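Student: The chain contents come next:
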Amino acid sequence: MPQPTISETDVRHAAKLSRLSLNDDQVHQYTDQLANILDYIQKLNELDIDGVEPMPHALDQHNILREDRETPGLDTDDVLANAPDREGPFFKVPKVLGDGGGA
Amino acid sequence: MDPTQTTLTELRDAIASKAVSAEEATRAYLDRIDAHNDTLNAFRDRMTDYALERAKQVDEGKVTGKLAGVPIAIKDCMCHTEGTTACSSKMLEHYRSPFTATAVQKLEDEGAVILGKTNMDEFAMGSSTENSAFGVSRNPWDLDRVPGGSSGGTTSAMAADLAAAALGSDTGGSIRQPAAITGLVGFKPTYGRISRHGLVAFASSLDQIGPVTHTLADAALLTEIMCGKDPLDSTSADVPVEADMHDVDGEIDPSAGGGKLRIGIASQYLDESANHPAVTAAFNEALECYKSQGAQVVEVDLPHTEYGIPCYYIVATAECSSNLARYDGVHYGHRTSEPTPKDANAIQHLMSQSRAEGFGDEVKRRIMLGTYALSSGYYDAYYNRALKTRRLIAGDFNTAFEKCDAILCPTTTGPAFKIGDKADDPLAMYMNDIYTVTTNLAGIAGVSVPAGFASENGKQLPVGVQLIGNAFDEKRLLRIARRYERETEHWKSRPGI
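As they're listed, the protein sequences go chains A and B.
All the letters of the first sequence, read from the start, carry residue numbers 1 to 103 under this note's numbering.
All the letters of the second sequence, read from the start, carry residue numbers 1001 to 1497 under this note's numbering.
Careful, some of the hints might be misleading.
[Stated by the list, open to error] Covered, in the sense of this in silico footprint (three residues per stretch, anywhere, with C-beta under 8 Å from a C-beta of chain B), are these stretches of chain A:
#: 1; segment: 8-14
#: 2; segment: 54-66
[To be verified] Capping the alpha-carbon separation at 30 Å, the derived lysine-lysine pairs in BS3-like fashion look like this:
#: 3; chain 1: A; residue 1: 43; chain 2: B; residue 2: 1388
#: 4; chain 1: B; residue 1: 1090; chain 2: A; residue 2: 92
#: 5; chain 1: B; residue 1: 1260; chain 2: B; residue 2: 1403
#: 6; chain 1: B; residue 1: 1260; chain 2: A; residue 2: 43
#: 7; chain 1: A; residue 1: 16; chain 2: B; residue 2: 1090
#: 8; chain 1: B; residue 1: 1422; chain 2: A; residue 2: 95
#: 9; chain 1: B; residue 1: 1260; chain 2: A; residue 2: 16
#: 10; chain 1: A; residue 1: 95; chain 2: B; residue 2: 1090
[Claimed, not checked] Here's a subset of chain A near chain B, in silico, CB distances under 7 Å, partners left out:
#: 11; residue: 31
#: 12; residue: 33
#: 13; residue: 43
#: 14; residue: 44
#: 15; residue: 74
#: 16; residue: 91
#: 17; residue: 94
Hints were generated in silico from the structure; no laboratory data involved.
As the structure is a computational prediction, the values presented were derived from the model and not from experiment.
Note that the Cβ used here is the ideal one computed from N, Cα and C, for glycine as well.
Could you put the whole structure together from the sequences, leaning on the hints where they help?
Tutor: Structure (structure tokens):
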């Protein structure tokens, strides 16, 4: 089990993985709050879980496949109507590569 | 008759017999929404013109069904092609769904008139609606108090008779907790009973749609209509739906115990130092009620109950961090208007800034907690450990249901709390779900029934009792709960708004 206290470095890393921009104040605040919550979650360490099968889902279902048959989908214009920016039938994003073109 | 001072089933019958028209009923509810929504903030989006048009179609005989003309509210996380589906988040403030959720569609196929979307904690994360990006909803029994959450707009609307019935969603207690503290019936069916297609995802292995109503008969009717396998949700259960689920006064199937109803009670729910005296009194009254009807009381042991909250806050946040990754500022939802740097980080910046602006504090907190619990080096220590604990919690219930037909317990430890009281303490807020969260983890069914009042400073504040039933045992669970409801008058009380 790792140390219960989550560090600011951990929070910055989690924020980066989560694609969330945080300012320094927010990093301080979330570090305190998450440390508090994780401290409480350590309670799970009281339990002996050796040999217990993990339960990721309430129902015992596996690999549900549908027939490989074409069915009508949503209209492209209806879907793109919610896009923040579009060009024709495409979602539009800012230029991804730098001016030099190398990445 | 006043169509707003009735039950769903009574109003349905009144419309069917033309004692009142669907348009009159719909207008009566819309008038109440106009009069009270500024105070209560129960509805986040209204579908007034749409509702009136649907009601007219019912009166013209063009729309028929088991719910013909009955005005119903849906939670803001349920997709509908009319209006916006915002999940009470800035992220989805302008989102217009290109499709309607299966559960809502099934209600409309039976003639229901959808009035609008009710306010909620952002992305269903919270127990008070204080996490809504559109302001807190108020409890009609005491406007200084929360209506619970996350389905708090739903319960605020129902308690004030702004709809004849309403839908909520329940991931850790989000139907039952708010229903209990607003004096309503709130039912979370078995996981997979009702399709989640079109329910905006929070934690996919826990989320479940269910009804909030004045009576168990109303809840059973809506559940019967919404249940069933849906090709659009591979996790929906292929289990037959009983055609008489709505008949809550029907016979209770003789139990394995030999005909006598067996009510389970567990010490883990009955700590008198943790529970408000009114909660303890309500539980005792309900237990006596079952005893007086000849039920056998069986003590069951649910030793892992105290691990429910820590287990839940790993499982639910892990799933939420994955589900909410879809909000990237590209496909739909909020995009930052900040200029993007012209370098290789442009797209990262766009996503990170859009998400920082679009999500509120609690949503960010949970995304980061879930991301952390799933990240390299912590997966086994947190996520895997929580999944194993979840198995132990489910095992407790399996053992208990060998000895009893349903478990009776409080829904919450106390009545509604004051707005602001827990807003700055995430952990204190999480404890609201202590009696409800384990049913979600186990995937079984739970229903909260109005059970009395706590008196605080001259205000009557509702409390509820919960009955927990085994997976896919909804019909019997609702009938067992009805044996209590029919002996009480608590559900008839209204806050006088």
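Student: Does the structure break any of the earlier hints, and which numbers would those be?
Tutor: 6, 8, 9 and 11
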